[in-house]
Each structure stands twice: as structure tokens, then as C-alpha cells.
Amino acid sequence: MAVDLVPQGTLVERIRAGGFGLGGILTPTGVGTVVEEGKRRMEIDGRSYLVETALRADFALVHAFLADYDGNLSYALTARNFNPVMATAADTVRIFDQTAADVERTIRDQAPFSIDGREVAARHLENAIGQAVHLIYLPNTENQSFGVLEVDRLCELIGRSFPSATVQPAEALYEGKRRSLLMVRIRTDSTDAVVDLAQRLCLAFQQRFVGVEVGGRYIRIYGDDTE
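Sequential numbering of the sequence shown, starting at 9, is according to the numbering used here.
Check each hint, because a few of them may be wrong.
FRET-style restraints, in silico, Cβ to Cβ [unchecked claim]: (1) Phe67 with Arg228: 41 to 47 Å; (2) Glu51 with Val156: 56 to 62 Å; (3) Gln16 with Gln214: 52 to 58 Å.
Note that these hints are calculated values from the structure, not bench results. Quick caveat, the model's predicted, so the values are computed rather than measured. Even glycine gets a Cβ: it sits at the ideal position worked out from N, Cα and C.
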């Protein structure tokens with residue numbers, strides 16, 4: 009086993025160089041110490057620097073607070089120091105999403121929302137789709153005005169169970185008319201949690217149904233029953 013002594017700041021900058029496709033960096037850190045042994049020294053404007061080569065890895069294990077479907081990651085506190093850099097300098101990156109893990113644990117531990125038809129809807133969803141749910145549509149069946157206040161209200165309701173969800177306004181044709189709607193992206197393997205959320209939205213926004221889609225397949229979830 010070989011041990012290479014590298015100052016922490018130099019280490020992260022070497023990794024950053026590897027992620028950006030650079031050959032290495034120049035740093036004054038370590039000049040005249042054991043760190044300099046076997047390395048090239050350069051003089052620039054009367055100051056000495058060590059040439060440190062870039063570092064890359066086959067695998068990077070990254071801890072993120074939040075991840076979305078496009079692979080964008082959010083980091084909390086000191087996790088910002090090294091995780092973003094590590095993710096750029098590896099051929100394969102594996103991500104642990106803390107928020108998703110916490111949400112899944114909460115779903116398992118808490119009792120589901122009790123409304124007639126919930127179990128039927130969950131079973132139907134599992135049989136019809138058989139995959140994790142990705143999109144939930146608030147279709148605006150009553151032709152209401154969906155503005156900033158409605159978006160904030162929707163975010164508040166969803167955030168209780170899915171803090172990593174995203175919400176965006178959209179438009180669609182419903183009953184032959186162009187209407188505004190709200191679309192939610194969530195990540196979960198729990199069909200019970202999806203049906204619970206859909207039925208909550210039906211009641212909160214007085215909708216006849218809420219649409220659920222995954223993999224191009226679509227069903228409707230009703231507030232009091234499933235058709």
C-alpha cells in the first residue's frame with residue numbers, strides 16, 4: 009500500500025481539475041515540506057509553486073440533501089465542500105438522497121390517510137401501472153383560476169409528504185376547452201402515498217378527480233372512490 013500525503017485544499021483542487029478536464033494545478037502549499045518530495049517546482053513572479061496533477065476516480069459516492077429527476081443535486085451545510093466536486097471527477101457516480109430516504113421512512117411509519125376507496129385506488133394503481141408514479145395532474149375540472157396562491161397552497165400540501173417534489177403550471181384541453189392546470193413531479197414507490205396525496209388534492213381544491221401518470225400510462229383518482 010502506498011500513502012500520498014496531500015493537504016486537504018490541494019486534494020479538492022486536484023479533484024476539481026480532474027472534473028474540468030485539466031492536467032493539474034499550481035499551488036504554493038507544501039513548498040519546502042515533505043509534501044514537495046518527488047514533485048516538480050515552478051517559479052512564477054518570484055514565488056515557488058508545486059505542480060500537482062489532476063485526480064479522477066472510477067466511482068464517486070455522493071451524499072445529497074435533495075435530488076430531482078434530471079440529476080440536479082442540492083447539498084446541505086458542509087456537504088457542499090467536497091460532494092459537488094467529487095461528482096464531476098468520476099466515471100460512475102452513486103447518489104444517496106437524504107430527503108427521499110426520510111420521506112420513504114415517514115411513509116412507512118405513518119398511518120395512511122383514511123378515505124373510502126383509498127385501498128381500491130391503490131390496488132388499481134398497482135395493477136394498472138406496476139411502476140413508481142412520477143406525475144400528478146391537478147386538471148382544474150371546475151375551471152378555476154390557478155395563480156400564485158394556488159401554487160403556494162399546492163406546494164404546502166405536497167411538502168408534508170414529498171419535500172423533494174416539484175410543481176409547475178401547465179395548460180391542457182379538458183372537455184374541449186383550454187384550461188390551466190398544475191403538474192407535480194414526485195418520486196416514490198408507494199402507491200398508497202400517491203393515492204393519499206391525490207385524494208387530498210381532490211378535497212382541498214374541490215376537483216372531481218386528479219390524474220396520475222407514469223411511463224405514459226394514465227389513470228384518474230377520485231376523492232371518494234375509484235372508477
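Subject >> Hint check for Val156 and Glu51 - Cβ pair distance inside 56 to 62 Å >> reply: holds (59 Å)
Original post:
Per the hint of 52 to 58 Å, is the separation of the Cβ atoms of Gln16 and Gln214 within bounds?
Top reply: Since Gln16 and Gln214 have Cβ atoms about 56 Å apart, the given range 52 to 58 Å holds.
Original post:
Is 41 to 47 Å right for how far apart the beta carbons of Phe67 and Arg228 are?
Top reply: 43 Å Cβ-Cβ, so the 41 to 47 Å window holds.
Going down the numbered hints, you'll see the structure goes against none, and every one checks out.
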